[in-house]
Amino acid sequence: MSAELHSRGDVALSLTLAIVTSSPGPLLLLDGQFSIIAASTSFCALFGANPAQLAGQKLYTFDDGEWDSPQLRSLMTATLSGEETLDTLDIDLKRPRGPVRHLIVQARRLAYLDLEQTRILLAVSDVTTARADAALKEAAARESKVLLGEVRHRVANSLQIIASVLLQNARRTSSDETRGHLKDAHDRVMSVAALERLLSTSGAGDVEVQTYFTRLCETISATMIGDVDQISLTVEGGQAIIDARVSVSLGLIVTELVINALKHAFPDGRRGKITVDYSFHGPNWILCVRDDGVGMPLTPPAGTGLGTSIVRALAGQLSASVEATRKQPGTQVSIKHTQIALVADEAEAASEPLASTRLRPARSAVDG
Amino acid sequence: MIMTAPQDGKTTQTLMIVEDEVLVAMVLRDELQEAGYKVLDLTERQAEALDVARAEKPHLALVNIRLAGRDDGIELSEHLKALGIPVLLISGQVSRASSANTVAIGSMPKPYDAAEMVLAVAHLLARLNGDGSLPRPDQLEVFGEDSFDLAPAA
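Protein sequences, first through last, are from chains W and L.
Quick note on this note's numbering: the first sequence kicks off at 1 and runs consecutively.
Quick note on this note's numbering: the second sequence kicks off at 369 and runs consecutively.
Keep in mind that a hint or two might mislead.
DMTMM-like mimics (lysine to aspartate or glutamate), calculated; alpha carbons at most 20 Å apart, straight line [claimed, not checked]:
1. W:LYS183 - L:GLU513
2. L:LYS449 - L:ASP398
3. W:LYS137 - L:GLU402
4. W:LYS145 - W:ASP126
The calculated label-pair distances, taken between Cβ atoms and stated as ranges, are [said to hold, decoys possible]:
5. L:LEU451 - W:ALA313: 34 to 40 Å
6. W:SER74 - L:ALA450: 32 to 38 Å
7. L:LYS449 - W:THR77: 58 to 64 Å
8. L:LYS449 - W:ASP206: 45 to 51 Å
9. L:GLU416 - W:ARG171: 23 to 29 Å
Worth flagging that the hints you see were computed from the coordinates, not collected in a lab.
Here the structure is a predicted model, which means the values were calculated and not measured.
For every residue, glycine included, the Cβ atom is placed at its ideal position computed from N, Cα and C.
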């Protein structure tokens with residue numbers, strides 16, 4: 001029926017206006033002189049404008065002339081002349097009433113059959129809230145980074161105090177046995193400290209096992225009491241990245257097993273070698289600490305050794321088994337974690353020496 | 369540990385420790401003394417540290433970044449540098465220490481092992497004397513390697 005009452009041109013125009021008016025995104029339809037032909041309801045709502053008053057108004061006089069900026073003028077001129085390079089504009093609109101709004105404005109010259117009548121579509125996105133959110137997020141991320149740094153600093157400081165107290169006590173005691181226990185405790189603290197240092201430089205929560213074990217062994221080397229110059233400490237195995245929580249336990253296990261080997265495997269100045277070897281295949285891994293010393297009892301007498309109970313407890317926490325085997329010569333302790341039974345369970349990690357540390361390397365150098 | 373500082377026929381080398389954690393400072397002092405160094409009276413504030421430094425002219429100052437009374441170790445290091453006293457920073461504030469690479473000659477971040485600190489001190493003092501042959505502990509960060517003007521190791 002409407003087709004009979006209205007011309008085809010009227011219908012086309014009313015459809016155009018209806019589309020513009022109902023656009024969910026703020027939209028203006030302009031003519032070649034930048035006068036507003038129609039505005040979307042969303043545009044009127046965003047800028048508090050009356051649709052009836054908008055029609056016929058010049059774009060640059062809208063909102064008390066606040067839209068009259070050199071940038072917008074050059075965007076409109078460029079759009080009118082058909083240039084496409086300048087078709088998006090980021091503007092901060094200072095409004096007489098209300099706060100500054102950050103807008104992204106896009107202009108398109110419409111291509112249609114009537115070449116005489118230029119029409120430009122202006123789409124506006126209000127990114128004020130999104131920008132504010134992004135700024136808040138950025139500030140929060142910066143703040144967390146600062147806080148994390150502060151926490152790491154405090155942890156480092158606390159570990160330093162604990163280590164110092166233990167070392168101080170070890171120096172003051174007259175009992176060799178007590179001194180040994182205090183030194184062991186000091187080494188355990190430093191084992192955690194070595195990890196903390198790695199984490200503070202890496203920034204992420206993952207740890208490169210070989211680097212960690214190598215540093216750990218250097219620290220143990222530097223602090224060992226007694227004449228252990230004849231023993232070398234080597235770290236072998238493939239490059240593996242593990243979670244920080246797992247690495248704390250592994251580091252403590254390595255510390256205990258190395259200390260144990262140093263104490264018992266090489267009596268009377270015997271020369272030898274201790275090897276720390278971590279290899280993995282998928283989620284399965286094996287940590288071995290072996291020595292070529294005199295060989296130790298595989299099952300220590302009941303009630304002995306805090307070290308042994310620490311190793312068993314930590315291995316249990318990692319769902320790993322502990323197995324001590326006698327070698328010719330020496331002893332090997334394997335901590336094995338099997339998550340998935342693999343058909344050809346051969347560790348793919350190459351077992352080549354990555355780092356070798358002479359125990360107490362500095363002694364001769366400093367003495368000399 | 370039985371370690372002795374290199375004597376090279378001259379007087380014992382002198383160190384100073386500026387650290388607000390007294391327990392940490394004491395252990396460090398004991399360890400360094402046992403290694404053969406002369407360690408000046410412990411200080412924890414900038415003003416007293418500068419008094420000691422001016423009077424005794426130590427060969428190397430071990431300085432924590434956080435000091436007592438909100439004093440700042442990096443600011444102190446600038447004054448020490450002006451006095452011609454090289455500084456080794458001994459702080460857990462790793463990034464601040466690294467950014468102070470023009471005022472200090474190195475950084476040994478907390479938590480460090482006291483025995484490794486002895487190695488770090490020996491390494492730096494030797495380098496200051498043009499001898500780069502002593503092992504550098506992994507943890508020790510040495511700033512401005514070029515500025516040491518190393519002579520070939522004897």
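Hint-by-hint comparison with the structure:
Between W:LYS183 and L:GLU513 the alpha-carbon distance is near 35 Å, which puts this suggested pair outside the 20 Å criterion. A C-alpha spacing of about 25 Å is found between L:LYS449 and L:ASP398, which places the hinted pair above 20 Å, so the restraint is violated. About 52 Å separates the Cα atoms of W:LYS137 and L:GLU402, which puts this hinted pair outside 20 Å; it is violated. Pair hint W:LYS145 plus W:ASP126 does not hold up; C-alpha atoms about 30 Å apart against a cutoff of 20 Å.
Distance hint check for L:LEU451 and W:ALA313: the Cβ-Cβ separation is about 53 Å, which falls outside the suggested range of 34 to 40 Å. For W:SER74 and L:ALA450, the Cβ-Cβ distance of about 55 Å falls outside the hinted range of 32 to 38 Å, so the restraint is violated. Checked against the hint of 58 to 64 Å, the C-beta distance between L:LYS449 and W:THR77 comes to roughly 60 Å, which is consistent with it. The hinted window of 45 to 51 Å between L:LYS449 and W:ASP206 is violated, with their beta carbons roughly 38 Å apart.
Separated by about 26 Å at the C-beta atoms, L:GLU416 and W:ARG171 satisfy the suggested range of 23 to 29 Å.
Of the numbered hints given earlier, the model fails hints 1, 2, 3, 4, 5, 6, 8; all others are met.
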